[in-house]
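Please build the complete structure, drawing on both the sequences and the hints.
Which chain is which? The protein sequence lines are A and B, in order. Residue 410 is where the first sequence ends in my numbering, and the numbering goes up by one at each step. Residue 410 is where the second sequence ends in my numbering, and the numbering goes up by one at each step.
Just so you know, these hints were derived from the structure itself, not from any lab. Since the model is a prediction, treat every value here as computed from it, not as a measurement. Glycine is no exception: its CB is placed at the ideal position from the N, C-alpha and C atoms. Hints should not be assumed to be uniformly reliable.
No more than 30 Å apart at the CA atoms, straight line, and that leaves these computed lysine-lysine pairs for DSS-like [to be verified]:
| hint | chain 1 | residue 1 | chain 2 | residue 2 |
| --- | --- | --- | --- | --- |
| 1 | B | K240 | B | K227 |
| 2 | B | K105 | A | K105 |
| 3 | B | K89 | B | K227 |
| 4 | B | K240 | B | K221 |
| 5 | B | K221 | B | K351 |
| 6 | A | K221 | A | K283 |
| 7 | B | K351 | B | K378 |
| 8 | B | K227 | A | K317 |
| 9 | B | K317 | A | K105 |
| 10 | B | K89 | B | K317 |
| 11 | A | K317 | B | K317 |
| 12 | B | K89 | B | K378 |
Facing chain A, from chain B, some residues (calculated, C-beta under 7 Å) [to be verified]:
| hint | residue |
| --- | --- |
| 13 | F107 |
| 14 | N108 |
| 15 | I117 |
| 16 | I126 |
| 17 | E128 |
| 18 | N141 |
| 19 | F145 |
| 20 | T160 |
| 21 | N161 |
| 22 | L164 |
| 23 | P296 |
| 24 | A375 |
| 25 | N390 |
| 26 | K396 |
2 protein chains.
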Amino acid sequence: MNSADHTFLLSGECIQQIIQVIGIDNIMDDLIERTYKGFIEFDANNNILSARKGFNYITPNEGLIEWMPIRNVIEEEVLLKVVAYHPQNPESFQLPTVISTISKYNTTNGHLDTILDGVLPTSLRTGAASAVASQLFGHPESKILGIIGCGAQAITQLHALSRVFDFEKVLYFDKDLIAQNSFEERVKILGLDIYIQSTPIPEIVENSDVLCTATSIAVDQGPLFDYHTSKEWLHINAVGSDFPGKIELPKSLLDESYVSPDFLKQAIVEGECQQLSEDQIGQDIITCLKKATDFYHLKEKLTVFDSTGMALEDQIVADMFIALAKSMNLGQYIALENRNTDVKNPYSFLFHTKKQTT
Amino acid sequence: MNSADHTFLLSGECIQQIIQVIGIDNIMDDLIERTYKGFIEFDANNNILSARKGFNYITPNEGLIEWMPIRNVIEEEVLLKVVAYHPQNPESFQLPTVISTISKYNTTNGHLDTILDGVLPTSLRTGAASAVASQLFGHPESKILGIIGCGAQAITQLHALSRVFDFEKVLYFDKDLIAQNSFEERVKILGLDIYIQSTPIPEIVENSDVLCTATSIAVDQGPLFDYHTSKEWLHINAVGSDFPGKIELPKSLLDESYVSPDFLKQAIVEGECQQLSEDQIGQDIITCLKKATDFYHLKEKLTVFDSTGMALEDQIVADMFIALAKSMNLGQYIALENRNTDVKNPYSFLFHTKKQTT
Numbered sequence: 053m054n055s056a057d058h059t060f061l062l063s064g065e066c067i068q069q070i071i072q073v074i075g076i077d078n079i080m081d082d083l084i085e086r087t088y089k090g091f092i093e094f095d096a097n098n099n100i101l102s103a104r105k106g107f108n109y110i111t112p113n114e115g116l117i118e119w120m121p122i123r124n125v126i127e128e129e130v131l132l133k134v135v136a137y138h139p140q141n142p143e144s145f146q147l148p149t150v151i152s153t154i155s156k157y158n159t160t161n162g163h164l165d166t167i168l169d170g171v172l173p174t175s176l177r178t179g180a181a182s183a184v185a186s187q188l189f190g191h192p193e194s195k196i197l198g199i200i201g202c203g204a205q206a207i208t209q210l211h212a213l214s215r216v217f218d219f220e221k222v223l224y225f226d227k228d229l230i231a232q233n234s235f236e237e238r239v240k241i242l243g244l245d246i247y248i249q250s251t252p253i254p255e256i257v258e259n260s261d262v263l264c265t266a267t268s269i270a271v272d273q274g275p276l277f278d279y280h281t282s283k284e285w286l287h288i289n290a291v292g293s294d295f296p297g298k299i300e301l302p303k304s305l306l307d308e309s310y311v312s313p314d315f316l317k318q319a320i321v322e323g324e325c326q327q328l329s330e331d332q333i334g335q336d337i338i339t340c341l342k343k344a345t346d347f348y349h350l351k352e353k354l355t356v357f358d359s360t361g362m363a364l365e366d367q368i369v370a371d372m373f374i375a376l377a378k379s380m381n382l383g384q385y386i387a388l389e390n391r392n393t394d395v396k397n398p399y400s401f402l403f404h405t406k407k408q409t410t
Numbered sequence: 053m054n055s056a057d058h059t060f061l062l063s064g065e066c067i068q069q070i071i072q073v074i075g076i077d078n079i080m081d082d083l084i085e086r087t088y089k090g091f092i093e094f095d096a097n098n099n100i101l102s103a104r105k106g107f108n109y110i111t112p113n114e115g116l117i118e119w120m121p122i123r124n125v126i127e128e129e130v131l132l133k134v135v136a137y138h139p140q141n142p143e144s145f146q147l148p149t150v151i152s153t154i155s156k157y158n159t160t161n162g163h164l165d166t167i168l169d170g171v172l173p174t175s176l177r178t179g180a181a182s183a184v185a186s187q188l189f190g191h192p193e194s195k196i197l198g199i200i201g202c203g204a205q206a207i208t209q210l211h212a213l214s215r216v217f218d219f220e221k222v223l224y225f226d227k228d229l230i231a232q233n234s235f236e237e238r239v240k241i242l243g244l245d246i247y248i249q250s251t252p253i254p255e256i257v258e259n260s261d262v263l264c265t266a267t268s269i270a271v272d273q274g275p276l277f278d279y280h281t282s283k284e285w286l287h288i289n290a291v292g293s294d295f296p297g298k299i300e301l302p303k304s305l306l307d308e309s310y311v312s313p314d315f316l317k318q319a320i321v322e323g324e325c326q327q328l329s330e331d332q333i334g335q336d337i338i339t340c341l342k343k344a345t346d347f348y349h350l351k352e353k354l355t356v357f358d359s360t361g362m363a364l365e366d367q368i369v370a371d372m373f374i375a376l377a378k379s380m381n382l383g384q385y386i387a388l389e390n391r392n393t394d395v396k397n398p399y400s401f402l403f404h405t406k407k408q409t410t
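Right, here's the structure in full:
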């Protein structure tokens, strides 16, 4: 533990430096392993999770600002991620859709121990969670990955999934032509030897073994497609649904699928699970992973990971970057919280001034 | 508005510097005026307040960490104060009981606009709120101020109240002898020409015109005193009750008093209002201030301001210090959130590296 007088500040720029040094594949492999381990070791008595709350609005722009809290009893800390979602950001401000910071507080004394960028971590951890879920539910011989929605999240979804499957082909679609047309250029950074092809949604659904939906579809405008085909197996990571009224998948497909939410309480409010009655919803991803062999038969069925995002994932990715930063001497310590010589006197600092001036 | 690429950071040290330059009396006068104005101008459609939530625990130490959110529609911002309460901090760690930071987010795009220390602001705004409430409910000829609980909050309570009343005498008590014995020395910084006297609680209650309770009394250990006397008037600022099960005032006194909470939804969960049925609770302080003349008769009665703390007060004090800091060129801008040349590609920063190395 650091001194309680300083807060460790880890900027997005430092996180970029860490990734540059370690390499994106090593980072993602490490994060997938940590996410798997974090899910398997999850203990509701140790990892106390609250469903996120927030403000949402349509002016000045459509958006929401939410806070996602988790307490880790053994680590003696509370983590709070504040995450903002503003779909017009790329076009209007050249800013990412998702902006975020993560704060960690010490439960010994309440000190703000660390603040770090949450933009890159959010994107990476969402990818890692899909990889973990797809390893459990996806067909082992999966060769074709479908991607609907080609924004920032799609890059880390493809990256994470390509670390755990040996895909031959990626089929992608975005109704936004800028995202659609730039996708192949953008994914070059991943250095993948995979055939990548722009494809209409019905053919993506028809042909994919694993599918990721990560769109900014507006409230009440979903689903993204109708489901008429009758596939033997398909695992879907539904990443974009994270707001009341926002859905990506057709109910007809959900009805035929085993749907595993990341965090049930949240998924029934803002995930694909909004569309289902409680008896139609499967066990959450953590429960499924803990009893993995019970769920192997689902690899040859239709499955959906309803990924609304959990503060547990944020804790896992934050811990990874903080550890790496400290081992690499990156980041800085700042004095943010007020400290006084006399903790019982908010004005005690004035005594020093008085003494200095007399 | 600042650039969305940087976050304005205002440390406790900078806030100390501001107070040193402006002077504590000018700061408190400004804050009391702003608090009064903020309460009077409160509009539930513009100032959207959520009751605070948090984690509380008894290990590793008794404490809680809470978040207090407010959205200001016109200002296009969300403010989130994270506040920690750890009563053992002064003795165990030489840290203040209350540790806090305040963050402000822009609702145009979700950018974290400002982070500032919340320790000094919390202490000051709690004092200012008591001053505003006491001006409304307190007897205009109030000469004797009682203080039960002589920790950090007591200093700013005394300071704020001394700016709006012409007290002749302060009667104080703390069961903690360190706090009790150091109080007179600590309040010297206020430069008050008031007779200050350590006094047993029953005599404080008996003789005070205005009373502040700001103790760390443990859950289920309240109230601080029994009420047997029959006073004509007394206004109490009940500051310490801010946790389920934590109360300071006897129900017999509340039953005879007009009790005005700061934020009803919160006060019935963690304030003195826990002890009352809804029909026993008066209008909240904002409603009372807006119809002040309707409440003047209470100046000669028993009244209680059930001050659990509102994010609205935090917004008012944060805005004051941010404005002062910027006018004085204090504080710093940091690049915290990740920014990429390509907002649709979390890894786009790697292209630059590649280009640089080839």
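Checklist entry - Among all the numbered hints in the text so far, which are the ones the structure does not match? => result Failing hints, ascending: 3, 7, 8, 14, 16, 23, 24.
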